[in-house]
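J.: Residues per chain are reported as follows:
2 protein chains.
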Amino acid sequence: MKIGIAQLNPVVGDIEGNVEKIKSVFLKLKGKVDLIVFPELFLTGYPPRDLLERKEFIKITARGIKDVVNISKKSKRTGILFGTPAIRKNKKGKGLSNTALLVYNGKIVFRQDKSLLPYYDVFDETRYFEPAKAIKVFNFKDERLGILICEDAWGKYKINGNAIYKIDPAKILAEKGASIFINIAASPFQIDKDSVRYKIIRDNARAHKLPFIFVNQVGGNDELIFDGRSMFIDPKGMVVKVLPAFKEHIAIVNSKAKGKGKYTCMDRIKAVHDALILGIKDYMRKCGFSKAVVALSGGIDSSLTAYLATKAIGSKNVLGLFMPSPYTSKESKSYVKALAKNLGIELKIVPITPIYQAYKKSLKKELKIGRSVDKTLENLQARIRGNVLMAFSNKYGYLVLSTGNKSELAVGYCTLYGDLTGGLAVLADVPKTMVYKLANYVNSKKEIIPLGIIKRSPSAELKPGQRDQDVLPPYDILDCILYYYLEEGKSINEMAKMGLDRKIIKQVIDMLNKNEYKRRQMPVGLKVTSKAFGSGRRFPIAAKYYFI
Amino acid sequence: MKIGIAQLNPVVGDIEGNVEKIKSVFLKLKGKVDLIVFPELFLTGYPPRDLLERKEFIKITARGIKDVVNISKKSKRTGILFGTPAIRKNKKGKGLSNTALLVYNGKIVFRQDKSLLPYYDVFDETRYFEPAKAIKVFNFKDERLGILICEDAWGKYKINGNAIYKIDPAKILAEKGASIFINIAASPFQIDKDSVRYKIIRDNARAHKLPFIFVNQVGGNDELIFDGRSMFIDPKGMVVKVLPAFKEHIAIVNSKAKGKGKYTCMDRIKAVHDALILGIKDYMRKCGFSKAVVALSGGIDSSLTAYLATKAIGSKNVLGLFMPSPYTSKESKSYVKALAKNLGIELKIVPITPIYQAYKKSLKKELKIGRSVDKTLENLQARIRGNVLMAFSNKYGYLVLSTGNKSELAVGYCTLYGDLTGGLAVLADVPKTMVYKLANYVNSKKEIIPLGIIKRSPSAELKPGQRDQDVLPPYDILDCILYYYLEEGKSINEMAKMGLDRKIIKQVIDMLNKNEYKRRQMPVGLKVTSKAFGSGRRFPIAAKYYFI
Chain W
2 MKIGIAQLNP
12 VVGDIEGNVE
22 KIKSVFLKLK
32 GKVDLIVFPE
42 LFLTGYPPRD
52 LLERKEFIKI
62 TARGIKDVVN
72 ISKKSKRTGI
82 LFGTPAIRKN
92 KKGKGLSNTA
102 LLVYNGKIVF
112 RQDKSLLPYY
122 DVFDETRYFE
132 PAKAIKVFNF
142 KDERLGILIC
152 EDAWGKYKIN
162 GNAIYKIDPA
172 KILAEKGASI
182 FINIAASPFQ
192 IDKDSVRYKI
202 IRDNARAHKL
212 PFIFVNQVGG
222 NDELIFDGRS
232 MFIDPKGMVV
242 KVLPAFKEHI
252 AIVNSKAKGK
262 GKYTCMDRIK
272 AVHDALILGI
282 KDYMRKCGFS
292 KAVVALSGGI
302 DSSLTAYLAT
312 KAIGSKNVLG
322 LFMPSPYTSK
332 ESKSYVKALA
342 KNLGIELKIV
352 PITPIYQAYK
362 KSLKKELKIG
372 RSVDKTLENL
382 QARIRGNVLM
392 AFSNKYGYLV
402 LSTGNKSELA
412 VGYCTLYGDL
422 TGGLAVLADV
432 PKTMVYKLAN
442 YVNSKKEIIP
452 LGIIKRSPSA
462 ELKPGQRDQD
472 VLPPYDILDC
482 ILYYYLEEGK
492 SINEMAKMGL
502 DRKIIKQVID
512 MLNKNEYKRR
522 QMPVGLKVTS
532 KAFGSGRRFP
542 IAAKYYFI
Chain D
2 MKIGIAQLNP
12 VVGDIEGNVE
22 KIKSVFLKLK
32 GKVDLIVFPE
42 LFLTGYPPRD
52 LLERKEFIKI
62 TARGIKDVVN
72 ISKKSKRTGI
82 LFGTPAIRKN
92 KKGKGLSNTA
102 LLVYNGKIVF
112 RQDKSLLPYY
122 DVFDETRYFE
132 PAKAIKVFNF
142 KDERLGILIC
152 EDAWGKYKIN
162 GNAIYKIDPA
172 KILAEKGASI
182 FINIAASPFQ
192 IDKDSVRYKI
202 IRDNARAHKL
212 PFIFVNQVGG
222 NDELIFDGRS
232 MFIDPKGMVV
242 KVLPAFKEHI
252 AIVNSKAKGK
262 GKYTCMDRIK
272 AVHDALILGI
282 KDYMRKCGFS
292 KAVVALSGGI
302 DSSLTAYLAT
312 KAIGSKNVLG
322 LFMPSPYTSK
332 ESKSYVKALA
342 KNLGIELKIV
352 PITPIYQAYK
362 KSLKKELKIG
372 RSVDKTLENL
382 QARIRGNVLM
392 AFSNKYGYLV
402 LSTGNKSELA
412 VGYCTLYGDL
422 TGGLAVLADV
432 PKTMVYKLAN
442 YVNSKKEIIP
452 LGIIKRSPSA
462 ELKPGQRDQD
472 VLPPYDILDC
482 ILYYYLEEGK
492 SINEMAKMGL
502 DRKIIKQVID
512 MLNKNEYKRR
522 QMPVGLKVTS
532 KAFGSGRRFP
542 IAAKYYFI
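Chains as they are written, first to last, in our numbering: chain W, 2 to 549; chain D, 2 to 549.
Worth double-checking, as some hints may not be accurate.
All copies of an identical chain are treated as equivalent in the list; a pair is satisfied when it fits inside any one copy or across any two copies.
As the list claims (entries may be wrong) - Simulated pairs of lysine-lysine, DSSO-like, Cα-Cα distance not exceeding 27 Å: (1) Lys361 - Lys464; (2) Lys331 - Lys361; (3) Lys376 - Lys331; (4) Lys365 - Lys292; (5) Lys237 - Lys261; (6) Lys60 - Lys545; (7) Lys200 - Lys271; (8) Lys504 - Lys376; (9) Lys366 - Lys56; (10) Lys93 - Lys167; (11) Lys22 - Lys545; (12) Lys167 - Lys137; (13) Lys29 - Lys545; (14) Lys60 - Lys491; (15) Lys3 - Lys31; (16) Lys365 - Lys200; (17) Lys362 - Lys331; (18) Lys75 - Lys108; (19) Lys396 - Lys369; (20) Lys366 - Lys338; (21) Lys159 - Lys56; (22) Lys361 - Lys292.
Just so you know, the hints here were simulated from the structure itself, not pulled from any lab data.
All of these numbers come straight from a predicted model, not from anything done at the bench.
Chain W with its partners taken away, still in its complex shape (with noise of 0.2 Å):
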């Protein structure tokens, strides 16, 4: 059997921008291959969240499904198999599946709901979802086709140990005589998610001997984004075709074909890079925007974000926003020149001392401002620049990406409406020490962020003389202890018999929970990591907590 893999980029809740790219794929594939598979809840996108619980949206994903069954009636060689939400007839219960329908020649003949729902991390499908009553293979041509949506092939999955599912719908499928899985998926990037991702699919493959195809969406969608990578397994486990990540693709693959190489997996730093820029690109797209500003400070984080955001949208569209205060460095100022030079986008100079004067004029006495810059003066002046670059925002249309990384979030070494202010935060996943991992990469064959931002102690420059290690650890202790902590699960114990020590390890957890208020107000974080700050680690504010 010819088998179409249509790794695509879906809009969340587009439903007829959607069904239009199935159709477009399929007037070019029609009569050429046997099936063309879409991935997992491709209608609506994922994930759709809570517009699965308006009963319009289900309505208008009925229709969807209808226009796709009348767009497969143009072929009699050709199917269609796409993941949407589908009504299920027993009402007891979320009343919805995520769905596999195979649709062919005019007719849904065949449907397979999802058996295994993912309900930790951003995940929530158990809030919309039933799980499959049944598990059963099709015989579609000469294949007796053993579907799989997303985490179904997941059935051995461990969390600290523990199965995390009772049942494993690729081993029923496998002993109800499938001659092929095909695994219809959303599964977002994070960092090396892909070489688990391709064992999963190899041992499915191996342990069944059967030949595993995976269909999976491509995009950003908020702070999710969405790999691609599909691919197809032979029966051995050997690499038949791994499609391109972070773009959307159409391959061809013969079920019966075998394969010849081992699966070579995607360079941790350029994936990252190649996702931090799909992120902004998508996000914009997708909301409407073409223009981006960022506030350049001379630093690595504002530097490598406004980089990546001329390769989201190109050099035109970026705007660089210096806004100097009366602690901004000679350095900085021709760093950013620097920079915005190499990058080819505009830079603005706003100077924030008049303004800042202004306000500390206003304020002298009520908050006795005095010769020392102290916290309240800091943060003034970060939340100065927030509000000119809204107004940059609001006048021009701009979107604003925010710079802060993840070490800094963590830690809560940032400013509310300061520089947290944005509708994006590009790097909020992305721990310092990898920031400057990608800045090497970016400046692999060309110097293009100056190695003089890369070289110099980092600064937030608020007050005379400040560097970030007076108050913080060296950063890569900090990060060290973050991906533990925050990606391992590992106890204060656990790091300190790493030899981690101890009392580093108390004053960033203590720093981490204290600062929980200032992240739930954060921008839409692009994810990377196997943990992100946002809607995948969901902590209580008002609490008292320890840990040891």
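Fit chain D to the supplied structure of chain W, relying on the hints for placement.
T.: Chain D only, in chain W's frame:
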């Protein structure tokens, strides 16, 4: 059997403190009652959210359980029934249960896990817990206890006419011979919910001819406010005892007692009034704030917010900040002064005009600032105020209470980093029409909020002659649409059929959908309706959807 109902206010995460609360009630009632009942997940407070994913936290919880067991040794008569997360022996799945433990004489004598895990609106229980494997009755003294954990009594609950659960734990317990239902709960407040709750309790009592004890958490935890209103209903559905709302209370009841009266529903407006006060009080206390600042504009929202703050933390702990701009009317100033006087709060005046001028001067060229006040300049003023508020907060440790109402938030008639600045959005779930009702309620005995404030036409006063009604539908119509759309899930068609103007409905829904990005960054907002913006409403931003 004599039963103590302990309607208490735990602090989320504070296992030690919550165990102390159990101890204190136990020492008071031991020997006098046979059983003391504490709310759902009392050991951790509800909702503990992702704290449950930290294994150290589960360890500390396990230690807390041991402490309660030890406390129970101090009386041979009195048992303790309380809620806690508990580890499941079978590690498949989430590995945790939402559990009721009955501790007696230094031993855990019975454990009942929760069967029905809510996973809609603000509830995410399937994210953390596995449902009970078995539902059993426990013989304790002269009763056969049928223990339900909150939602377990909701077995017949329907959403949009569909039963959402497949089993009815109350029925199962009755069939197994329970002689009494004891429901430990953490059921949050929302308008009219107490009567829904009562009906469910009464229907269970009557259907199975059993007395029903409902022990609810009280207190504010982030956006959720728990009203308590614990109660004891006899087998005929008559009320034996109802505990007061919005405060801690201990009551002793006899399991065989017969009720006399019918349940009296809480007054809607008084209930919201009390709920908001508790919400402010607990958010501040549990976050460690003792003082709050409110930006007073002379409008009804900020006046009501300031009043509620004085009720929550006392007049001497509330600072009113009046920040006139060139467009602030004289009336506003006199209203603000009168209000501050009536409330007995300190008032400070910080005119923002000099700061506003400084911004305009600095941005004149870049933003082509002319004579007219456009959206950019309107927002600028709001953001200057946000900045000044935060400076007071940073300097003196005030919590900023933000003042916007639900109607504004819904349609985006508010400024990010401007009037949305703050740690807690007091009126975020209070529609404008209800703001008026609350203000009248406040004034029912005495004019506290100056009548002129209530009577004047609402205006943001960000440009000359501005009035809310120039750009928004009348608030009674707006709120009506928002209610039917958000709370009742009505479609545009359905609302049009009800006689609402289709054009206005579309305008409102369109504004609502377009402003998701603002609400994503709003402060924690106190929930009082069945559908609040915040953790219970999860919509995508980078999306394209329309409703019919």
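J.: With reference to the structure, classify each hint as holding or not holding.
T.: Tested hints:
Proximity of Lys361 and Lys464 under a CA criterion of 27 Å is satisfied in both settings, with 15 Å inside one chain copy and 25 Å between copies. Taking the shortest alpha-carbon separations for Lys331 and Lys361, both the intra-copy value of 23 Å and the inter-copy value of 26 Å come in at or below 27 Å. With identical chains, the CA atoms of Lys376 and Lys331 are at most 27 Å apart within one copy only, with a shortest distance of 23 Å there and 34 Å across copies. Taking CA atoms no more than 27 Å apart as the test, Lys365 paired with Lys292 passes between copies only; the shortest distance there is 21 Å, against 38 Å inside one copy.
In this assembly of identical chains, the alpha carbons of Lys237 and Lys261 lie at most 27 Å apart only when taken from the same copy (10 Å versus 75 Å across copies). In this homomeric assembly, Lys60 and Lys545 come within 27 Å of each other (Cα to Cα) only across copies, at 16 Å, whereas the closest approach inside a single copy is 45 Å. Taking CA atoms no more than 27 Å apart as the test, Lys200 paired with Lys271 passes inside one copy only; the shortest distance there is 21 Å, against 59 Å between copies. Within a single copy, Lys504 and Lys376 get their C-alpha atoms as close as 24 Å, which meets the 27 Å cut-off; across copies the closest is 49 Å, which misses it.
When the C-alpha separation of Lys366 and Lys56 is checked against a cutoff of 27 Å, the pair qualifies neither within a copy, at 57 Å, nor between copies, at 49 Å. Taking the closest pair of Cα atoms, Lys93 and Lys167 come within 27 Å of each other both inside a single copy (21 Å) and across two copies (7 Å). For the homomeric pair Lys22 and Lys545, the shortest alpha-carbon distance between copies (15 Å) is at most 27 Å, but the shortest distance inside one copy (50 Å) is not. Within a single copy, Lys167 and Lys137 get their C-alpha atoms as close as 17 Å, and across copies as close as 23 Å, so both meet the 27 Å cut-off.
Proximity of Lys29 and Lys545 under a CA criterion of 27 Å is satisfied inter-copy only: 26 Å between copies versus 59 Å inside one chain copy. Taking identical chains as interchangeable, the C-alpha atoms of Lys60 and Lys491 lie at most 27 Å apart only when they sit on different chains, with a minimum of 13 Å there against 46 Å within one chain. Taking CA atoms no more than 27 Å apart as the test, Lys3 paired with Lys31 passes inside one copy only; the shortest distance there is 11 Å, against 75 Å between copies. Proximity of Lys365 to Lys200 under the C-alpha cut-off of 27 Å is found in neither arrangement, the shortest distances being 62 Å within a copy and 58 Å between copies.
In this assembly of identical chains, Lys362 and Lys331 lie within 27 Å of each other by CA distance both inside one copy and across copies; the values are 26 Å within and 24 Å between. In this assembly of identical chains, Lys75 and Lys108 lie within 27 Å of each other by CA distance solely inside one copy; the values are 12 Å within and 71 Å between copies. In this homomeric assembly, Lys396 and Lys369 come within 27 Å of each other (Cα to Cα) only across copies, at 9 Å, whereas the closest approach inside a single copy is 35 Å. Taking the shortest alpha-carbon separations for Lys366 and Lys338, only the inter-copy value of 20 Å comes in at or below 27 Å, while the best intra-copy value is 38 Å.
Proximity of Lys159 and Lys56 under a CA criterion of 27 Å is satisfied inter-copy only: 15 Å between copies versus 35 Å inside one chain copy. For the homomeric pair Lys361 and Lys292, the shortest alpha-carbon distance between copies (23 Å) is at most 27 Å, but the shortest distance inside one copy (33 Å) is not.
Violation of the numbered hints given earlier is confined to hints 9, 16; the remaining hints are satisfied by the structure.
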